[in-house]
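Enquirer: In case you want the letters, here they are:
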Amino acid sequence: MLTDEQIFDVLDGCASKELLAQHQNLFSESAEYKVYFEELEAVHFDLIDLPIEKPSVQFTENLLATVAHAPIKKKSWSSQLTWMFLLLMTASFVGTISLMLFYFSSSHSVIEIPRVYDLEVINNFSIDILVKLMILVNLVVLLAIFDKKVLKPYFLNKNMRLS
Amino acid sequence: MVVNDNQKDINLLNRIRTGDKSAYKELINRHKDYAFTIAYRILNNREDAEEVAQDAFMQVFGALSSFNFESKFTTWFYRIVFNAALMQKRKNKVEIVDIETSSEAVLVSHSSDSTEGLRKIERTKAIKQALQNLSADDAMMITLFYLKELSLGEIAEITQISTETAKVKIHRARKRLTEEMKKMLNEEVRSLL
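Protein chains in written order, with the working numbering: chain B, 1 to 163; chain W, 1001 to 1193.
FYI, nobody ran anything at the bench for these hints, they're computed from the structure.
Think of the CB as a built atom: it goes at the ideal place given N, C-alpha and C, for glycine as much as any other residue.
Some hints here could point you the wrong way.
[As the list claims (entries may be wrong)] Covered by chain W, per the in silico footprint, the following chain B stretches (three or more residues, Cβ under 8 Å):
no.	stretch
1	15-28
2	43-54
3	132-139
[Stated by the list, open to error] In the DMTMM-like style, the derived pairs of lysine to aspartate or glutamate whose C-alpha atoms are separated by at most 25 Å in a straight line are:
no.	chain 1	residue 1	chain 2	residue 2
4	W	K1182	B	D147
5	W	K1183	B	D46
6	B	K54	W	E1070
7	W	K1032	W	E1154
8	W	K1128	W	E1051
9	W	K1089	W	E1026
10	W	K1182	B	E5
11	W	K1089	B	E5
12	W	K1128	B	E38
Required output: the full structure, derived from the provided sequences and hints.
Expert: Shown next as structure tokens:
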């Protein structure tokens, strides 16, 4: 007797020559195999002949009406998060390099940050706090990207997978 | 020059992206039957299947920017339909049996005539009923395999499993369907005695 998988291979037309010979041999000699094969064959051809289902006649019209009422959304800001982040980083990098070049070219010894006497708040603002704040912002943005690009697709995919 | 089916789909998608309204209709008409059939085989309910198919189209229109235009549209689209139908299936707590294809209807119709045409209709009804008795997973595998004669690779991509697993699942689903048909026929014979 052939296994079900082998019989389906015969029906699907992807059986090897050896398997086909074995099948023909069994088909002519074993009545039990013949009955079983014909049973599977009948189901196979029933499935081939199975018509496709038709939705209601208003399907297209209903859908087009929905499309008309809900125009295609533009890319949301969250989908552009990665690009925004990269752009911000590039701008920061270019800005830092420009500042460095500017101060190095004007003074060769010490980098002096000019004081803005009119704005006391800025002068009192500690560089240390500014750096920490920048790191924190970067960390938050990185976590948001990680969540959107890695965690959400992973869990969504896990939920969708066939049980 | 012969334009293949996928190229036609890609052309339609490009037209939709440029704002061509008629392209929507063409794309919907090309794929609505298959989308509906896939959803219906999983959900066994026409209203739900129609809603899922519509949602799937809306998802496609809303996510055109994320579609890789080098890959096959139908694979991407059927995956969307498949996922939407599975989600709907999970939402549905109560399973509603379609009266048209209920087992009672099949049994009643069996007692009518025995001409070749009618026998074929009855067998089709019986196989539809048997498909409804299968799990969503099995019904889906059979539908994808027979409906559009998708390759094992495509089925694997849609259902996000390996090709080998897809092959095994299709074999098992067909085997279970045969058993289901046999069971139904036995019940029918018992009811006639």
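Enquirer: State for each hint whether it applies.
Expert: Hints, verified against the model:
{"no.": "1", "hint": "15-28", "result": "violated (count 0)"}
{"no.": "2", "hint": "43-54", "result": "holds (count 11)"}
{"no.": "3", "hint": "132-139", "result": "violated (count 0)"}
{"no.": "4", "hint": "W:K1182 / B:D147", "result": "50 Å, violated"}
{"no.": "5", "hint": "W:K1183 / B:D46", "result": "16 Å, holds"}
{"no.": "6", "hint": "B:K54 / W:E1070", "result": "29 Å, violated"}
{"no.": "7", "hint": "W:K1032 / W:E1154", "result": "19 Å, holds"}
{"no.": "8", "hint": "W:K1128 / W:E1051", "result": "21 Å, holds"}
{"no.": "9", "hint": "W:K1089 / W:E1026", "result": "28 Å, violated"}
{"no.": "10", "hint": "W:K1182 / B:E5", "result": "19 Å, holds"}
{"no.": "11", "hint": "W:K1089 / B:E5", "result": "29 Å, violated"}
{"no.": "12", "hint": "W:K1128 / B:E38", "result": "19 Å, holds"}
Checked against the numbered hints above, the structure breaks hints 1, 3, 4, 6, 9 and 11 and satisfies the rest.
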